[in-house]
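Respectively, the protein sequence lines represent chains A and B. Sequential numbering of the first sequence, starting at 0, is according to numbering that gives the first Met the number 0. Sequential numbering of the second sequence, starting at 0, is according to numbering that gives the first Met the number 0.
No lab work stands behind these hints: they were computed from the structure. Any given hint might turn out to be false.
Unchecked claim - With a straight-line cut-off of 27 Å between C-alpha atoms, the simulated DSS-like cross-links for lysine-lysine are:
1) A:K94 - B:K200
2) A:K67 - A:K245
3) A:K42 - A:K31
4) A:K67 - A:K101
5) A:K31 - A:K41
6) B:K28 - A:K245
Claimed, not checked - Label-pair restraints from in silico Cβ distances:
7) A:H157 - B:D235: 52 to 62 Å
8) B:H26 - A:E248: 17 to 27 Å
9) B:H47 - A:T277: 41 to 51 Å
10) A:K31 - B:A268: 47 to 57 Å
11) B:H47 - A:Q240: 22 to 32 Å
12) A:A46 - B:A268: 46 to 56 Å
13) A:S93 - B:Q83: 36 to 46 Å
14) A:F48 - B:A223: 48 to 58 Å
15) B:Q83 - A:L269: 50 to 60 Å
16) A:L269 - B:N275: 35 to 45 Å
The C-beta atom is built at its ideal place from N, Cα and C for all residues, glycine as well.
What follows is the residue order along each chain.
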Amino acid sequence: MSWFKRDKPAGDKLPKLENGERRVRTEGLWQKCEGCRQIIWKKELEANFNVCPKCGIHTRIDAVTRLKLLLDGGEYEQFDADLSSSDPLGFVDSKPYHERLKGMQQATNLSDAMISAAGRLEGRPIQICSMEVRFIGGSMGSVVGEKIARSIERAMQHRMPLVIVSASGGARMQEGAISLMQMAKISSALMRLDEARLPFISVLTDPTTGGVTASYAMLGDLNIAEPGALIGFAGPRVIEQTIRQKLPEGFQRSEFLLKHGMLDAVVPRLELKSYIATALKFFVA
Amino acid sequence: MTPEPNAEPAPAAEPHPAWRRVQLARHPKRPHSLDYIERLFTDFQELHGDRSFGDDPAIVAGMARFEGRPVMVIAEQKGRDTKQKVYRNFGMPKPEGYRKALRVMQIAAKFNRAVLTFLDTPGAYPGIDAEERGQAEAIARNLREMARLPVPVLVTCIGEGGSGGALALGVGNIVLMLENAVYSVISPESCAAIIYRDSGKAEQAAAALRLTAQDLHGLGLIDAIVPEPEGGAQEDPAGAAEMLRQHLRCRLEELSGRTPRQLVDHRYAKFRRMGNFFA
Chain A
0 MSWFKRDKPA GDKLPKLENG ERRVRTEGLW QKCEGCRQII WKKELEANFN VCPKCGIHTR
60 IDAVTRLKLL LDGGEYEQFD ADLSSSDPLG FVDSKPYHER LKGMQQATNL SDAMISAAGR
120 LEGRPIQICS MEVRFIGGSM GSVVGEKIAR SIERAMQHRM PLVIVSASGG ARMQEGAISL
180 MQMAKISSAL MRLDEARLPF ISVLTDPTTG GVTASYAMLG DLNIAEPGAL IGFAGPRVIE
240 QTIRQKLPEG FQRSEFLLKH GMLDAVVPRL ELKSYIATAL KFFVA
Chain B
0 MTPEPNAEPA PAAEPHPAWR RVQLARHPKR PHSLDYIERL FTDFQELHGD RSFGDDPAIV
60 AGMARFEGRP VMVIAEQKGR DTKQKVYRNF GMPKPEGYRK ALRVMQIAAK FNRAVLTFLD
120 TPGAYPGIDA EERGQAEAIA RNLREMARLP VPVLVTCIGE GGSGGALALG VGNIVLMLEN
180 AVYSVISPES CAAIIYRDSG KAEQAAAALR LTAQDLHGLG LIDAIVPEPE GGAQEDPAGA
240 AEMLRQHLRC RLEELSGRTP RQLVDHRYAK FRRMGNFFA
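Next comes chain B alone, as it looks inside the complex (with noise of 0.2 Å):
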């Protein structure tokens, strides 16, 4: 069962329940992009590369139809068994994954194609050479640029929103997160090593960063939650496709009838007034 927010407080031996979502967020049978790709969209074509280094398999971008409709679908993607992980790179993408989502963003922009992301990463790759080829770059890049997209946009945390490697296909005039995704400026374990010195208080760390879904829809960062089935959607992932696919439906549907200025000056107007907590 999945706690509510306001559930009375979980005895001793319970997790706390941000630190259950991030398990479910992370749990090994979850659903990932791909899995939701074959569910909710048909004719999807993989386009690889970013034309100047490589393919990043950590990334995932295509053309596809939802109910008919062609859209561009970029989403970041996660292994399941060890080889695979250790070829989508566990979800990390590189420059060259931030790149090549650009640049499909950007032939969407051309051809008025909606463009759909699905956010599931634990960050950014942290290598010697994603620093070398750019990183940050890519990146910011990237934020600036999905700013400036004439088409709808469409952001979907579907497991772990990884800071700014998330961020990074996540300027959506529209943002979206499964009830059991979290969303975080850094990973629980990482701010437990900083702040208690010890990476085992993640439990803590997690409580304290407040990163569930319901936080951030709290806060106002994102627009909405979709419910998942009972116990998690790696109960039921054709039941967790079809919950989303009602919510995507419904949102393609409110920002189609929006002109190229209407749809940037949505977005902006959305991420500009985020996270005004000052006095």
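Isolated chain A, as found in the complex (with noise of 0.2 Å):
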């Protein structure tokens, strides 16, 4: 009887069974908490939104569970969901990045890295992004940045807040330097956005590194991170390559940055909404 799922598979010790009947079909209705090693029955974990009951450890949700989280009734309109990248180099690595592509697009059911989309937080009209860090480790390319500047020229059209939530290895190495370039891009629309005196909030999630935080993550009215996530510039591998030693416990997680001075505070993620809804509430009447 298996009521957990297991490591690995049984061994010897346990009778074989003759037939399926006497199995019990509980697998992977359990699950071992990252943190705390506590048993959660996983329907509880899902309603918490990946938030351990017990020890209040944050993993990771998904672009449409972020989505309904931060969005009232978790209803929201959609923009360009079939906007889908034309890998301009014809890159290839383990396989065409074109195949990779698909196959990311049929396992997840969305056209590449990042949800735009337009609701109501608490009664208010945003416009948000949210980022899919199962898509390509939520790599930035041409899509992702076309999203985001038109989600930027959208916010300015109806004068809304802006909402990105990040979760991103950094800028698509597949698409080359159209990657890079989309920094730019980014950055230059949320300049107007500054201009035009409308509120930008960057949520930081685990994990946010690269390309994206050297852009738009860190660019926010306000940056917010959730406990524990990692955010950086470069990743503690390349750290570690470069000055060939062990990185301190703790390093480049949201706690760090915010001693460090990088965000304005570090919010649990069932606090996020309410805590955007009062920023919001402060800057716009």
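Two chains, each in its own frame: build the complex with the hints.
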């Protein structure tokens, strides 16, 4: 009888079942918390938006769940849902980029690593971008760049605040310098949003690194992060190779950035919505 | 001889043309920013410090005159010998370098002087201290604030355009690349380490990344390619500087008639359109 998901196949110690009937189908109903190692009912964890009810550790949620967490009634209008990269470089690594894209699109039901949408946050209409880290590491290429640029334009057109939730390994290698230039494109658009005096709240979640941190994720009127998120410019492995030393505990985590003055606040996931609502209320009467 | 982008496929022993350009861009004798600055400008007066932490020798900034016209110069600087290399941190700027750059750009804006930047870095420094002081924030802020500058901004990638570390000085009305310069989202070595799990396959990665001046021009990411002397800039630094001078003069002339609003809008439109490769 397996109540819990096994790490290893069961050894010889367990009696072999003669037929499948006696097997209780509970695999995957329970989950061991990455933080406190306690066993948690998966449904309870999901209802808590992947925040462990016992120890409070935050594990990742996907882009759609993020929108459910932040938007009233979990309702939103999605934009540019079909925008997809045309593989301008014809890039091939372990497999061709266009095949990788197709595989990711099927696995995630998204056309690229971001959902851009409009919805209400405690009644206030906002433009929101939510990144999907499962889609090629949440990497930013021309599609992510364009979706954010359009979101900024819509925010300006309707005079709405903008919220971007980042979860990304950085610029997308498979689109080369085109990805790099998205950093300039988005940051330039944020300059316009800034000149229009519209609020931009950047929410950094695990992980936010590379070209995403070094562009829009650090350019919010407020930069706020979830607890324990990895946030940085260079990845920890790259830094370890450069300095040839082990990195200190907690390096590049949200709390580290808060201490070094890079964040306005570390906000637990379940308080994010009310935190943003309060901030927006302060910014726009 | 510099291979043409459309040349016949090279024999197996020859390096891939893209890799050859990477090697030229990193050539030990290739002119660095200060080599161009001394040939292109007069009355160069270096300005130091970011006013909050320190002075980063990997970025050189200062007031100068270009053919009599006062301009602000900001450049990434690599070292030639070991001592200089260490002093310049191998051309890898830290946050204080980017903040110094922004500070002098804003002086230029205040006094209506054109900004000329020169890119030549393997990348922004990936170290503990740089992270602590907000490397990402420093780069991000430069990207946004460069977009706002009400003066002409002229960018030239003279050697290695190392990802965000280069782009942090790269939001210009005009972006030029020298013929053998490269500009990439990731170094060929790091790219190879990720996709082939072998940084020795950098040559293949260099080809896949499309990082040459010719590639970027073809993708519409830069405005023009500045030719280099036969064999590369290291063969004739004075000649290379002269070729660059012609381009800078002509581009500065082109931008000088524009109003501050036109300059900002021109820069914005250029980057807004950039890299629209989706369907």
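Structure-based check of all given hints:
1. A:K94 - B:K200: Roughly 16 Å between the alpha carbons, so the hint for K94 (chain A) and K200 (chain B) holds.
2. A:K67 - A:K245: Cα-Cα ~38 Å, so violated.
3. A:K42 - A:K31: holds, 13 Å
4. A:K67 - A:K101: Since the Cα atoms of K67 (chain A) and K101 (chain A) sit roughly 26 Å apart, the hinted pair holds (cutoff 27 Å).
5. A:K31 - A:K41: holds, 9 Å
6. B:K28 - A:K245: Status violated; Cα separation ~35 Å.
7. A:H157 - B:D235: 52 to 62 Å: holds, 57 Å
8. B:H26 - A:E248: 17 to 27 Å: For E248 (chain A) against H26 (chain B), whose Cβ atoms are near 42 Å apart, the range 17 to 27 Å is violated.
9. B:H47 - A:T277: 41 to 51 Å: Since the Cβ atoms of H47 (chain B) and T277 (chain A) sit about 42 Å apart, the hinted range of 41 to 51 Å holds.
10. A:K31 - B:A268: 47 to 57 Å: Cβ of K31 (chain A) to Cβ of A268 (chain B): about 53 Å, so the range 47 to 57 Å holds.
11. B:H47 - A:Q240: 22 to 32 Å: holds, 31 Å
12. A:A46 - B:A268: 46 to 56 Å: holds, 47 Å
13. A:S93 - B:Q83: 36 to 46 Å: This hint holds: roughly 40 Å between Cβ atoms.
14. A:F48 - B:A223: 48 to 58 Å: holds, 51 Å
15. B:Q83 - A:L269: 50 to 60 Å: At roughly 53 Å between Cβ atoms, L269 (chain A) and Q83 (chain B) fall inside 50 to 60 Å, so the hint holds.
16. A:L269 - B:N275: 35 to 45 Å: Cβ of L269 (chain A) to Cβ of N275 (chain B): about 39 Å, so the range 35 to 45 Å holds.
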